[in-house]
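Make the full structure from the sequences, and use the hints.
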Amino acid sequence: DIQMTQSPSSLSASVGDRVTITCRASQSISSYLNWYQQKSGKAPKLLIYAASSLQSGVPSRFSGSGSGTDFTLTISSLQPEDFATYYCQQSYSAPRTFGPGTKVDIK
Amino acid sequence: QVQLQQSGPGLVKPSQTLSLTCAVSGDSVSSNSAAWNWIRQSPSRGLEWLGRTYYRSKWYNDYAVSVKSRIIINPDTSKNQFSLQLHSVTPEDTAVYYCARGAAPAPFDYWGQGTLVTVSS
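Sequence order for the protein chains is A and B.
Take the first sequence: its position 50, counted from the start at 1, is 313 in the numbering used here, and no numbers get skipped.
Take the second sequence: its position 63, counted from the start at 1, is 97 in the numbering used here, and no numbers get skipped.
Rather than coming from a laboratory, the hints here were simulated on the basis of the structure.
Treat the numbers as computed from the prediction; the structure is a model and nothing was measured.
The beta carbon of each residue, even a glycine, is placed where N, CA and C say it ideally should be.
Careful, some of the hints might be misleading.
[To be verified] With a cut-off of at most 27 Å between alpha-carbon atoms, the simulated DSSO-like pairs for lysine-lysine come out as follows:
hint, chain 1, residue 1, chain 2, residue 2
1, A, K305, B, K47
2, B, K113, A, K305
3, B, K113, B, K92
4, A, K305, A, K366
5, A, K366, A, K302
6, B, K47, A, K308
7, A, K308, A, K366
8, B, K102, B, K47
9, B, K92, B, K102
[Stated by the list, open to error] Partial chain B-side listing against chain A, Cβ under 8 Å, derived:
hint, residue
10, A57
11, G60
12, S64
13, A98
Right under this line is the structure:
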């Protein structure tokens with residue numbers, strides 16, 4: 264199975280901050296990398312697919328980049344509704360695996 | 035708009051069978067381009083894909099190795115829904131279970147609301 268790691272595991276930030284989360288795959292996954300946002304008690308919500316494509320309806324302050332084994336999710340200006348946990352997930356090979364998550368909370 | 039609505043009990047006794055259903059609207063479980071998945075989430079295991087069912091001229095299933103001997107995912111085309119059965123459950127199967135649409139390499143783009151299933155006597 265492809266192992267996914269994320270860093271940091273948590274971070275504290277203020278509204279308006281630029282936030283960057285990193286995801287690394289244990290082997291090359293090309294651009295088959297997706298990002299999800301999960302708020303407490305809710306299902307994960309798709310933000311970014313294929314490493315850099317913005318899902319319909321997702322604000323443009325979210326962006327993704329990377330290929331191969333190293334990927335980044337960036338929130339350009341953190342908003343109050345962005346405090347949540349973020350997960351990466353590879354769809355390169357079965358079984359599709361998720362990262363452990365990065366929790367973003369209020370500083 | 036695609037919607038997935040989950041139903042099923044929140045408490046299952048050890049050694050019994052966990053059964054959940056996911057009703058689909060806005061798409062067809064018989065679609066030749068979609069796949070219908072079950073995913074669970076627990077503090078100890080994180081988000082874990084369990085398996086899927088999909089139709090490509092005939093029905094296929096894929097299951098995670100960790101549960102392969104105990105899991106069945108079935109489509110029900112008459113009701114446009116699909117189900118999860120996990121046999122011989124233990125407390126380690128306690129988790130929030132989600133259904134989701136997604137055919138690799140596409141992402142999981144629509145999710146059910148989640149069902150907390152507790153395995154306890």
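Hints versus structure:
{"no.": "1", "hint": "A:K305 <-> B:K47", "in the structure": "holds (25 Å)"}
{"no.": "2", "hint": "B:K113 <-> A:K305", "in the structure": "holds (25 Å)"}
{"no.": "3", "hint": "B:K113 <-> B:K92", "in the structure": "holds (18 Å)"}
{"no.": "4", "hint": "A:K305 <-> A:K366", "in the structure": "holds (14 Å)"}
{"no.": "5", "hint": "A:K366 <-> A:K302", "in the structure": "holds (10 Å)"}
{"no.": "6", "hint": "B:K47 <-> A:K308", "in the structure": "violated (31 Å)"}
{"no.": "7", "hint": "A:K308 <-> A:K366", "in the structure": "holds (15 Å)"}
{"no.": "8", "hint": "B:K102 <-> B:K47", "in the structure": "holds (20 Å)"}
{"no.": "9", "hint": "B:K92 <-> B:K102", "in the structure": "holds (21 Å)"}
{"no.": "10", "hint": "A57", "in the structure": "violated (15 Å)"}
{"no.": "11", "hint": "G60", "in the structure": "violated (14 Å)"}
{"no.": "12", "hint": "S64", "in the structure": "violated (22 Å)"}
{"no.": "13", "hint": "A98", "in the structure": "holds (5 Å)"}
In the structure shown, a violation is registered for the earlier hints numbered 6, 10, 11, 12, in ascending order.
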